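Number of protein chains: 2
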Amino acid sequence: MPTYKLTIEYDGAAYAGWQRQTKQATIQASLEFALRKLTQEPIATVAAGRTDSGVHALGQVVSFRSERSLASTDWTRGLNALLPKDIGVRSTELVSNEFHARYHAMSKVYEYRIVNERHRPVLDRGRVWHIPKPLDLAAMREAATSLVGTHNCLSFQGSPTDNTNPICDIRCLEVKNVEIEIHLRIEADRFLKQMVRAIVGTLVEVGLHKRKSEDVEKILALQDRRAAGKNAPAHGLYLVEVFYPGSVNRDP
Amino acid sequence: MPTYKLTIEYDGAAYAGWQRQTKQATIQASLEFALRKLTQEPIATVAAGRTDSGVHALGQVVSFRSERSLASTDWTRGLNALLPKDIGVRSTELVSNEFHARYHAMSKVYEYRIVNERHRPVLDRGRVWHIPKPLDLAAMREAATSLVGTHNCLSFQGSPTDNTNPICDIRCLEVKNVEIEIHLRIEADRFLKQMVRAIVGTLVEVGLHKRKSEDVEKILALQDRRAAGKNAPAHGLYLVEVFYPGSVNRDP
Chain L
1 MPTYKLTIEY DGAAYAGWQR QTKQATIQAS LEFALRKLTQ EPIATVAAGR
51 TDSGVHALGQ VVSFRSERSL ASTDWTRGLN ALLPKDIGVR STELVSNEFH
101 ARYHAMSKVY EYRIVNERHR PVLDRGRVWH IPKPLDLAAM REAATSLVGT
151 HNCLSFQGSP TDNTNPICDI RCLEVKNVEI EIHLRIEADR FLKQMVRAIV
201 GTLVEVGLHK RKSEDVEKIL ALQDRRAAGK NAPAHGLYLV EVFYPGSVNR
251 DP
Chain Z
1 MPTYKLTIEY DGAAYAGWQR QTKQATIQAS LEFALRKLTQ EPIATVAAGR
51 TDSGVHALGQ VVSFRSERSL ASTDWTRGLN ALLPKDIGVR STELVSNEFH
101 ARYHAMSKVY EYRIVNERHR PVLDRGRVWH IPKPLDLAAM REAATSLVGT
151 HNCLSFQGSP TDNTNPICDI RCLEVKNVEI EIHLRIEADR FLKQMVRAIV
201 GTLVEVGLHK RKSEDVEKIL ALQDRRAAGK NAPAHGLYLV EVFYPGSVNR
251 DP
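Taken in order, these protein sequences are the chains called L and Z. Sequential numbering of the first sequence, starting at 1, is according to the working numbering. Sequential numbering of the second sequence, starting at 1, is according to the working numbering.
Simulated from the structure, these hints should not be mistaken for laboratory data. Note that this is a predicted model, so its numbers are computed, not measured. Watch out, some of these pointers could steer you wrong.
[Said to hold, decoys possible] If the Cβ cut is set under 7 angstroms, some of the chain Z residues that face chain L in the computed set are:
no.: 1; residue: Glu-9
no.: 2; residue: Ala-13
no.: 3; residue: Val-95
no.: 4; residue: Glu-117
no.: 5; residue: Arg-125
no.: 6; residue: Leu-208
no.: 7; residue: Lys-210
no.: 8; residue: Arg-211
[Stated by the list, open to error] Here are a few chain Z residues that sit away from chain L, every Cβ distance over 10 angstroms (derived from the structure):
no.: 9; residue: Tyr-10
no.: 10; residue: Thr-76
no.: 11; residue: Gly-88
no.: 12; residue: Pro-121
no.: 13; residue: Val-122
no.: 14; residue: Pro-160
Every residue gets a Cβ at the ideal spot worked out from N, C-alpha and C, and that includes glycine.
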């Protein structure tokens with residue numbers, strides 16, 4: 001059966017995250033509903049990252065199989081006509097039969113957006129975390145440095161899951177200043193549940209001088225969620241990109 | 001009585017424009033309601049640009065008078081606590097008594113945002129005009145050049161108004177390419193009703209090769225709204241900045 005790879009964008013505000021649930025609207029349920037309408041087949045999808053409730057995506061990757069063999073542009077156009085306005089397909093590719101969006105992902109990139117100025121954002125409300133007090137970016141960058149590398153990240157796992165491997169290779173953790181915004185960009189081979197939000201929450205506490213940069217190393221070593229900072233809110237988080245073997249890193 | 005100058009930001013989606021109306025929610029009514037709550041005085045406001053229904057603002061300027069004399073930061077903070085989430089005050093300044101936000105404005109800057117790629121925007125939906133077919137930016141820029149200068153702009157006036165002066169000095173009209181977006185930035189000493197949307201709609205028809213660049217000069221000369229293109233939709237338009245004597249041009 002042909003296997004397809006979708007790259008999708010969504011506004012997570014109205015959804016209880018990616019994963020299908022009995023009573024709440026989810027991205028996966030909406031996408032599978034559109035796929036079923038388009039193909040008349042019951043289609044199961046797999047996403048690279050199972051984003052939490054309220055989290056957005058600019059480049060989530062989804063794989064599925066279907067008896068239907070449509071041209072890429074027809075999949076994209078057909079799905080976009082059926083999906084709600086807050087979910088959109090950016091591209092569809094026919095891939096090899098064994099392709100699996102989650103198992104084959106080499107790394108994922110998340111971006112977290114903060115507006116760091118006194119007044120609340122208006123046009124960007126619900127899309128960024130508003131922090132009115134000035135953040136010490138130098139301290140945040142110093143703390144970020146000690147997170148880069150291969151670590152046991154249990155201190156940043158939001159709640160216990162069936163996942164038994166707490167080791168993540170954080171390949172990059174940048175703190176960028178974009179006008180009045182601060183963007184934290186993090187790339188890793190894998191992420192524990194709510195890990196980005198726990199890391200961002202902790203770095204923000206460093207930026208507000210509630211913690212020292214050098215504390216982050218100790219937090220990692222403790223392997224205890226209570227050691228780290230509060231989770232940053234979901235609505236500032238974006239799944240930006242997923243890399244697969246043979247895929248080329250695009251410049252941001 | 002002290003006179004104040006507010007710089008405000010708003011998401012126009014939920015409002016029937018700036019100007020107070022009997023039955024519909026407007027920016028002016030919401031702002032005057034907040035001012036009344038804060039001061040216990042009935043306060044009348046004047047805006048630099050009376051934006052249409054659905055139009056946004058990043059830097060609308062508003063003047064008002066009040067018996068209350070508060071510090072700038074207290075006005076800003078007090079109003080932000082009372083205003084709805086889609087309207088925000090960025091700054092408050094005490095100005096000279098004769099200051100009038102509309103009469104004293106030397107020029108205003110509007111920006112129009114277009115997303116020019118095949119797939120509909122998701123996170124930016126309702127904030128940009130989606131044009132799936134590729135736009136010929138060179139042709140649009142050529143057409144824009146002939147609009148810069150002092151002209152009778154009746155061909156771009158949306159509907160008859162009580163305004164009897166159709167002469168506008170368009171000081172700048174840039175067509176910028178920002179990743180997948182096209183931003184049209186227009187600065188003029190004054191604007192006729194729906195003028196920016198008529199100009200953008202006409203330039204887009206040039207970009208789609210439905211009209212030639214050189215037609216724009218003829219359209220201006222005809223002084224007839226029927227000669228120009230359709231209005232661009234309101235939701236892509238932003239009032240960005242207003243300049244007053246003595247105020248310094250900030251770089252974009």
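Hints and how they fare:
With a least beta-carbon distance of about 4 angstroms to chain L, the hint placing Z:Glu-9 at the interface is held under the 7 angstroms criterion. Contact between Z:Ala-13 and chain L, as hinted, is not supported at the beta carbon level, the nearest pair being about 10 angstroms apart and thus beyond 7 angstroms. The closest approach between the C-beta of Z:Val-95 and any C-beta of chain L is roughly 20 angstroms, which is over the 7 angstroms cut-off, so the hint fails. Violation of the interface hint for Z:Glu-117 is found here, the shortest Cβ-Cβ separation to chain L being roughly 9 angstroms, above the 7 angstroms cut-off.
A hinted interface residue such as Z:Arg-125 counts as satisfied when its beta carbon comes closer than 7 angstroms to some beta carbon of chain L; here the least separation is about 5 angstroms, so the hint holds. Checking Z:Leu-208 against chain L by beta carbon gives a least distance of about 20 angstroms; that is not within 7 angstroms, so the hint is violated. Interface hint status for Z:Lys-210: violated, as the beta-carbon distance to the closest one in chain L is roughly 23 angstroms, over 7 angstroms. For Z:Arg-211, the suggested interface contact is broken, since its CB lies about 28 angstroms from the closest CB of chain L, more than 7 angstroms.
For Z:Tyr-10, the requirement that its beta carbon stay farther than 10 angstroms from each beta carbon of chain L is not met, with the minimum near 6 angstroms. With a least CB separation of 7 angstroms from chain L, Z:Thr-76 falls inside the 10 angstroms interface cut-off, contrary to its annotation. The non-interface label for Z:Gly-88 is inconsistent with chain L: the shortest C-beta to C-beta separation is roughly 4 angstroms, within 10 angstroms. For Z:Pro-121, the requirement that its beta carbon stay farther than 10 angstroms from each beta carbon of chain L is not met, with the minimum near 8 angstroms.
The Cβ of Z:Val-122 does not lie farther than 10 angstroms from every Cβ of chain L; its closest approach is about 4 angstroms, which violates its non-interface assignment. A cut-off of 10 angstroms between C-beta atoms confirms that Z:Pro-160 is not in contact with chain L; the least separation is 32 angstroms.
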